[in-house]
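Peer 1: For the record, the sequence lines run as chains D and W.
Following the numbering used here, the numbering of the first sequence begins with 10 at its first residue and continues without gaps.
Following the numbering used here, the numbering of the second sequence begins with 279 at its first residue and continues without gaps.
Hint data in this document are derived by calculation from the structure and do not stem from the laboratory.
Do not rely on the hints blindly, as some may be mistaken.
Calculated cross-link-like contacts (lysine to any residue; reagent style SDA-like; alpha-carbon spacing at most 20 Å) [claimed, not checked]: (1) D:Lys166 / W:Asn406; (2) D:Lys30 / D:Lys377; (3) W:Lys542 / D:Lys11; (4) W:Lys436 / W:Glu480; (5) D:Lys11 / W:Leu521.
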Amino acid sequence: MKLKISALIKWNKWVEEHNEKILYDLAMTYLTPISWMDILSLFPDSDKTLLEMAAEPIKYGPFTGPIGLRDEISKFYPGSKTSNILLTHGAVSANDIVLRYLHEDGDNCVCILPTYLQLSTVVDYERYEVRNVPLNKENNYVLDMNALRREVDINTKIIVLTNPNDPLGVVLSKNELKEIVEIARSVNAFILCDEVYRFYDYNKPIASVFGLYEKAIAVASFSKILSIPGIRVGWIITTEEMVAEFTNLSHFHGRICAILDENILHMALKKYDVLKDKNFKIAEDNLAIVNDWVLHTAGLSYTKPTGGTTAVISYSMDVPSIEFCKNMLTETGVRLIPGALFGLENTFVVGFLCDTESLTIGLRQIAKTMSAFKLN
Amino acid sequence: MKIEKSIAGVWNRWIRDNMHLVKYNLGDSYPAPQLSLKNVLDCYPDGESLLRDLALSPLDYGPHTGPEGLREEICKFYPSAVAKNIVLAHGASAANDIVIRSLYEPGVNCVCIAPAYQQLLSSPKAHNYWYREVLLGYQNSFKLDFKELRSKVDKNTKLVILGNPNNPAGAACSEKELKTIIEIVESVGAYILCDEIYNIFEYDVEMPTIFGMYDKAIVTNSLSKAFGFPGLRVGWIVANKELTEEFSTVRDISGLSIGWLDEKIAVLALQKHDELSRKYLKNIRKNWELLDEWVNRNPHLSYVRPDGGSVAIVKFDFNMSSTDFCQRLVLEYGVNLLPGISFNIDDAFRIGFTIETQDLIKGCEEIDKFCKKLEEQA
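Construct the entire structure; sequences and hints are all you get.
Peer 2: Rendered as structure tokens:
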């Protein structure tokens with residue numbers, strides 16, 4: 010099947026062609042990645058450990074991933090066991106496995122929008138009948154449960170969402186998740202919740218959908234919170250029965266993860282707090298800068314994120330967001346993401362996980378250019 | 279999606295729980311022992327500083343198309359390929375999956391040459407292709423019957439899938455045979471997916487790559503088997519440029535880039551492929567000869583000698599299932615084989631012979647003892 014060339018692919022191509030123009034990258038959802046040595050150096054004898062790791066045969070690890078690694082992951086999910094976890098080739102792979110495996114002809118899929126663009130692309134590619142429940146600005150991006158209830162029916166195979174929302178950064182509370190569960194239960198549907206940004210929680214811990222419902226499936230990875238996107242290890246966490254089912258597909262989906270990636274991740278998790286705190290502090294500080302800037306810049310408004318690493322900012326000018334962001338990049342070197350890619354016209358997305366200085370200058374540049382737009 | 283129950287999966291679970299009993303592992307299809315990063319670095323005069331560089335580089339997403347040099351290194355194995363003909367994937371299984379998934383359209387059929395690596399047969403069914411099979415077996419010495427292939431393809435055939443060499447028999451298609459296959463496939467305008475993961479293990483028959491012989495020929499391969507790095511998870515697709523563009527967009531929604539560190543190691547390993555492979559390839563030919571002598575010596579066993587690859591499928595004349603045969607071998611003799619039922623051949627086992635020669639010899643001796651015992655009991 011031909012994959013539709015989406016607005017995202019077109020946008021990425023354009024950015025690639027203008028790559029050298031980027032001075033202030035405000036489209037980043039993770040900080041500058043750390044190295045293998047950064048992780049090793051948190052342990053005594055890091056040089057010796059490096060040599061030992063290098064001397065290990067690069068063989069297939071256990072099919073379900075090393076037990077110790079899944080144990081570490083399961084600590085992030087109260088009530089979970091190792092057997093609830095299937096390691097996958099990044100969270101992207103996890104989403105793909107779930108959506109493909111569950112699909113049968115005639116199924117519909119209810120998506121809470123905006124959402125991670127991979128999710129909407131796969132849903133479309135797998136030929137689900139797609140039903141959208143948008144989060145609206147007028148409603149402060151709070152999910153309208155009645156709208157969700159209206160869209161589901163007996164043919165709904167799965168409800169797909171991101172929490173915190175990607176890219177809005179709004180968070181569904183545990184009570185809201187339970188309401189979604191009740192709606193899913195009424196039609197016997199699965200829930201897929203992409204929780205990749207869950208560990209960036211600015212108000213209080215963000216609940217996982219895991220354990221709230223026997224058909225709830227959560228997907229995540231440590232790429233963002235630990236700044237290790239090149240470690241291609243993500244996971245699906247759900248009931249043991251569903252793990253067994255998904256394993257069937259994961260068999261021809263690249264099977265196991267790379268053993269070195271798993272071993273490095275396992276080490277990193279032993280120092281999770283140290284590594285996380287550093288990133289989290291920057292994210293929190295940067296969010297405060299963004300917040301201050303939005304409140305003090307004429308023509309801008311937004312709903313302050315309580316989770317995640319992006320914010321969606323509305324502007325009052327009558328310029329399409331793709332044009333807006335193209336102008337910003339070519340004129341000022343600031344890279345933003347057009348809201349139109351997420352169906353949010355007249356907004357732009359700021360990924361605020363960059364160094365604080367770039368963020369500050371970048372935001373100043375945006376404000377300056379906006380006043381120039383107005384003069385035209 | 280409906281995926282048929284994998285017979286190999288049942289065995290895999292059983293053997294996983296009993297692996298501690300295995301002294302001689304003849305069940306795998308990749309060379310043993312597996313290589314380490316150190317083995318790679320030792321081929322370089324400045325190995326230690328290379329390791330340091332690797333350890334100090336950020337664990338970022340790699341470039342979309344893989345790190346500089348990796349696709350060029352891979353191209354060296356395909357005389358007519360350039361970097362744009364290569365798409366990197368998370369192992370050959372992900373590579374196969376991307377190809378089979380991308381080419382599907384409602385109503386099309388897929389002709390598979392069986393037996394084969396299980397995924398190559400079950401994936402087209404799971405992806406809703408109409409499934410057709412051309413069966414190889416002892417009766418035809420695992421040689422493809424071209425007439426049968428011709429009778430199975432038609433204008434709705436989108437894809438013909440084969441392994442060269444075949445898994446589990448090691449039967450190879452020569453250049454001439456590949457040309458005949460192409461002529462048949464071309465007559466209906468279909469694509470060919472050729473899994474060449476064991477292609478480097480050549481004995482008597484030369485197995486050229488099919489890439490470049492036909493515009494619609496697609497090859498998959500990885501560093502897992504013949505290259506000795508199963509745990510790197512670096513695989514690839516070789517195809518024409520229109521196809522690789524399509525495949526890479528599908529790859530983006532199914533798994534994004536492969537491990538950055540793993541890709542870097544892959545470059546280093548491929549640059550020193552000749553030196554690294556010398557470590558094990560020389561033994562493998564000897565093992566292939568030993569295997570042949572052994573099968574011919576044991577009156578209860580017979581097989582078709584593999585032309586290439588790392589495995590052979592050996593028939594036994596005892597009245598028992600292949601699962602019983604292989605389970606007893608593990609429990610009573612500490613030898614691991616793969617039951618033939620995994621390939622729908624229940625009076626045979628698959629033996630992997632690209633292991634340390636001493637282990638192969640000892641493993642075979644244990645199998646002889648078991649055969650003696652079965653003979654006495656009969």
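Peer 1: All hints are to be evaluated individually against the structure, with a verdict given for each.
Peer 2: These are the hints, each one checked on the structure:
1. D:Lys166 / W:Asn406: holds, 19 Å
2. D:Lys30 / D:Lys377: holds, 18 Å
3. W:Lys542 / D:Lys11: violated, 31 Å
4. W:Lys436 / W:Glu480: Given that 20 Å is the threshold and the Cα spacing comes to 30 Å, the pair is violated.
5. D:Lys11 / W:Leu521: holds, 10 Å
Checked against the numbered hints above, the structure breaks hints 3, 4 and satisfies the rest.
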